[in-house]
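Novice: Sequence:
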Amino acid sequence: MSTERYNPRDTEPRWQQAWTEKRAFEARHDPSRPKYYVLEMFPYPSGRIHMGHVRNYTMGDVLARYRRALGYNVLHPMGWDAFGMPAENAAIERGVHPKSWTYDNIAAMRGQLKSLGLSLDWSREFATCDPSYYRHEQEMFVDFIKAGLVERKVSMVNWDPVDQTVLANEQVIDGRGWRSGALVEKRELAQWFLKISDYSEELLTALDDLKTWPEKVRLMQANWIGRSEGMRFAFTLEDDNGKQVGDKLTVYTTRHDTIFGASFCALSADHPLVRELEPALPGLAEFRREVAALGTSEESIERAEKKGFPLKLYARHPFRPEVRLPVYAANFVLMGYGEGAIFGCPAHDQRDLDFARKYGLPVIPVVAPKGTDPSQFAVGDEAFLEKEDDQTVLINSDFLDGMTVPEAKEAIARRMETAGMGERKVNFRLRDWGVSRQRYWGCPIPVIHCGKCGVVPVPKKDLPVTLPEDVTFDRPGNPLLHHPTWKDTTCPSCGGKARRETDTFDTFIDSSWYFARFCSPQAPIPVDRAEAKYWMPVDQYIGGVEHAILHLLYSRFYARAMTLTGHLDLKEPFASLFTQGMVVHETFRTAAGEWVLPAEVARAGEGYVHARTGEKITTGGIEKMSKSKKNVVDPEAIIERYGADTARWFVLSDTPPERDIEWTENGVEGAFRFVQRVWRLVADIQQKGASPGTKAPAGIAGDALELRRTTHLAVQAMTEDLGALRFNRGIARIYELANALQAALQKNDLDDGMRFALREAGEAFVVLMAPMMPHLAEECWQVLGHKTLVVDRPWPKADPALTVSDEVTIAVQVNGKRRDEIRLPKGLPNAKVEAAVLALDNVKRALDGKPVRKVVVVMDRIANVVSG
RNA sequence: GCCUCUGUGGCGGAAUGGUAGACGCGGCAGACUCAAAAUCUGUUGCUCGCAAGGGCGUGGGGGUUCGAGUCCCUCCAGGGGCACCA
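In the numbering used here, the protein residues as written are 1017 to 1884.
Among the hints, a few may not be true.
Here are the computed lysine-lysine pairs in the PhoX-like style, where the Cα-Cα straight-line distance is at most 25 Å [as the list claims (entries may be wrong)]:
| hint | residue 1 | residue 2 |
| --- | --- | --- |
| 1 | Lys1549 | Lys1513 |
| 2 | Lys1259 | Lys1328 |
| 3 | Lys1051 | Lys1813 |
| 4 | Lys1842 | Lys1813 |
| 5 | Lys1513 | Lys1476 |
| 6 | Lys1227 | Lys1587 |
| 7 | Lys1477 | Lys1513 |
| 8 | Lys1169 | Lys1549 |
| 9 | Lys1386 | Lys1374 |
Across the chosen pairs, the derived CB separations fall in these ranges [stated by the list, open to error]:
| hint | residue 1 | residue 2 | range |
| --- | --- | --- | --- |
| 10 | Asn1744 | Arg1834 | 25 to 35 Å |
| 11 | Arg1021 | Glu1109 | 43 to 53 Å |
| 12 | Gly1387 | Gly1197 | 35 to 45 Å |
| 13 | Lys1227 | Lys1513 | 39 to 49 Å |
| 14 | Ile1565 | Arg1619 | 37 to 47 Å |
Hint data in this document are derived by calculation from the structure and do not stem from the laboratory. Positions of the beta carbon are idealized from the N, C-alpha and C atoms, including for glycine.
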């Protein structure tokens, strides 16, 4: 037995180099082989990898290596989601140029990822901030414009008046700018939009076909798209004196059945009619300002009170000419949805009810449980909402009385359609995708504004529009706008003086097609169709749930948009999706409440102290690793101390991959101990087992046969587990096999059968663990006397003759309680099992003389004796 | 508020409606050692019992079934998503 300890610091770089020299992971288009494209969400180059990356990329790597061993032509690329605000923040705070900051970070992170031993095709690497990448993004955008997928429209942004800059929603904290602390205003700005809402229906229905996506993600997307079926119809309006005014008021509703319960109409504060009335109605301007200000404040914490402003207009009820509904501007009606106007039915909508109570409007119930006396049914402070299984009918509703809600909806829809008053309408919650960002570190939007010709796309021959490098961050606002010359250009159409668009793209655009670019990263066009046809779709995409909606929905839209413009030929980019859980860790803090890094904490009896100061440390909750709470463990330090294989093994062990995993010191040490144990085991096997290539001797029986069975069962189980991404279970199989090997090695005087079984088990053991601990596996493979590499080794196949046994253990129950077990030949007929079971002493005792009513036998599994 | 997922030993977690707790962590005991670490062996859901052998047990309650961690109803707790979408 070897007494040497396994030293990952020595072996890991060696094997990484061996793989690189062999170009083992470079993928080449080969139509004769089945392909497998495994992709993990590419990282933002923050400068250091974190444990979340380790977990994400290890999972992908296990799949890539496993599929490779199965004979697939595997594509497993890596790149950088390199545009974004942190680079600009670094520029502002530390005076580093975003470009050098980004590329330095990439270099650092690339090194860290390489030390993990990932089977990545680095020859396909790119960063989204490379002009050679984003030029294609610009080209496609120009094509999107031509295809009618792009729109320029006015939209509200969060404006920081001190920093003179536009803020993302997450930069607005309690209504104030995160940096300046100034009260954030809403401003209207002309911006670029991609018309994702054209695909609302399509993106929704196609979710049904994404069968290997997590149900949760599909649901989240479906909710986000938010399809609803309703009606659009118009009210005639009149003024205070009952005189009809020119405008009609169009509203959208999904509860047209409740029309007889209507008691008011409400318009969004941004509704065109409200804007029109503003000058004429004193106080309305202020009301509108108030509503606008509310949008950015902490209203999400406490629901804002329903407020309205009477517009001195009245809507004539379509079926009750004698009823006039007062019209309000209201703070709870959204301009961006439906018509920006509603009718309020307080009895059956909580918001409408709150509003009606505040302004003393009538509350007329029109839906009630079946059999309720309409004159007795009243609504208090809670709106009556019909539940799906409720037996409800319409009341107080003229020709609808007695109908169920669906019947009433249908009746109203018919009546309105025939009368030409309105029509059925499907609405979606999903809005168009605003892609303009008033930032420097992003892909320039390739359009030119000309005084004469309007907006003109940059001709493709002039692409890319590159970012100027001589920019300064010493004053607030967009450096592109401040740049002395960059924006000055000539109009491609008329040749006159013109101005470049100074907005850049939302970085979600960069990540909406990178997976396609990986198929042909050097191509002179965005995507080489032949390459994409072979490699796409991504067979297995892996990332965090936090991207369940935006990134994945945008990518699905982009695939369609690219297909429409001839850049791709598929609709769904990710055939299978897996969302892995986070890495969490206990939090530590001092008595003063300061967070302390786990690395600075030492155990002291039951509690913890600060490793340097000796100060008492208290533990807090187990939370997602975050810099702010300092509960982070640096992967580099872990790799330095234990090696990459230990880190990889740990993040795969124990916890199912979709759940959050708790990082613990004990766990890592356990993983490291196992690495050492494998090392000793393999050395022992090499010494005691048969030599490599030895044929199976005849007549293997007893313990040797059992070991062979265990081996082949492990192969079978591992194959199933990895195929289903059940890494934690796969690891348990490896432990089981290790335990079996260790037990077998205890014995002395090993016969040829056992020596063969040890060799077979040992080699299978190494190959099975290789996807998870690739370096250790290579090193062990050598110890086992091989000159080849494990990465070139095919995945083992289980011999069916060894995975089935001719005897089975059958559990014996009496009245559903387990009383005994019995070994019987496999496939024994039920009658014989019954007889054998009834003869058992334990069964007789449990029956205690009671007569047997029947015996339930499930072949090879269980027998249940039921007594009277 | 609506929509969702999850509740199993001290802990992470296994378990096609068929022997609950695989495997790991931790604990306990032993071997080796002058000793410790490392390693190896055994043991480890709770409980009654000297033992043989019982009883209880998958968040609570109910149901379906010969049999429920698993299916159905209901309640409770925790996590996630959306949050004035009419």
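Novice: Decide, hint by hint, whether the structure agrees.
Specialist: Now for the hints, and whether the structure bears them out:
In summary, the hint linking Lys1549 to Lys1513 is not supported, as the alpha carbons are separated by about 43 Å, beyond the 25 Å threshold. Straight-line distance between C-alpha atoms of Lys1259 and Lys1328 comes to about 12 Å, which keeps the hinted pair within the 25 Å bound. For the suggested pair Lys1051 and Lys1813, the alpha carbons sit about 20 Å apart, so the restraint of at most 25 Å is met. For the hint pairing Lys1842 with Lys1813, the CA-to-CA distance comes to about 24 Å; that is within 25 Å, so the pair holds.
Only pairs whose Cα atoms come within 25 Å are accepted, and Lys1513 paired with Lys1476 is accepted, the gap being roughly 19 Å. A hinted pair counts as satisfied when its Cα atoms are at most 25 Å apart, and Lys1227 with Lys1587 qualifies at roughly 15 Å. The straight-line distance between the Cα atoms of Lys1477 and Lys1513 is roughly 19 Å, inside the 25 Å bound, and the hint therefore holds. Using a Cα cut-off of 25 Å, the hinted pair Lys1169 and Lys1549 is violated, with the two alpha carbons roughly 36 Å apart.
For the proposed pair Lys1386 and Lys1374, the alpha carbon gap of about 30 Å is over 25 Å, so the pair is violated. Restraint check, Asn1744 to Arg1834: a C-beta distance of roughly 28 Å satisfies the suggested window 25 to 35 Å. Range check, Arg1021 to Glu1109: Cβ separation about 45 Å, and the 43 to 53 Å hint holds. For Gly1387 paired with Gly1197, a C-beta distance near 60 Å fails the hint of 35 to 45 Å.
At about 56 Å, the beta-carbon gap between Lys1227 and Lys1513 misses the expected band of 39 to 49 Å. Checking the proposed 37 to 47 Å range against Ile1565 and Arg1619 shows it holds: the Cβ atoms sit about 42 Å from each other.
Violated hints for the displayed structure, listed by number in ascending order: 1, 8, 9, 12 and 13.
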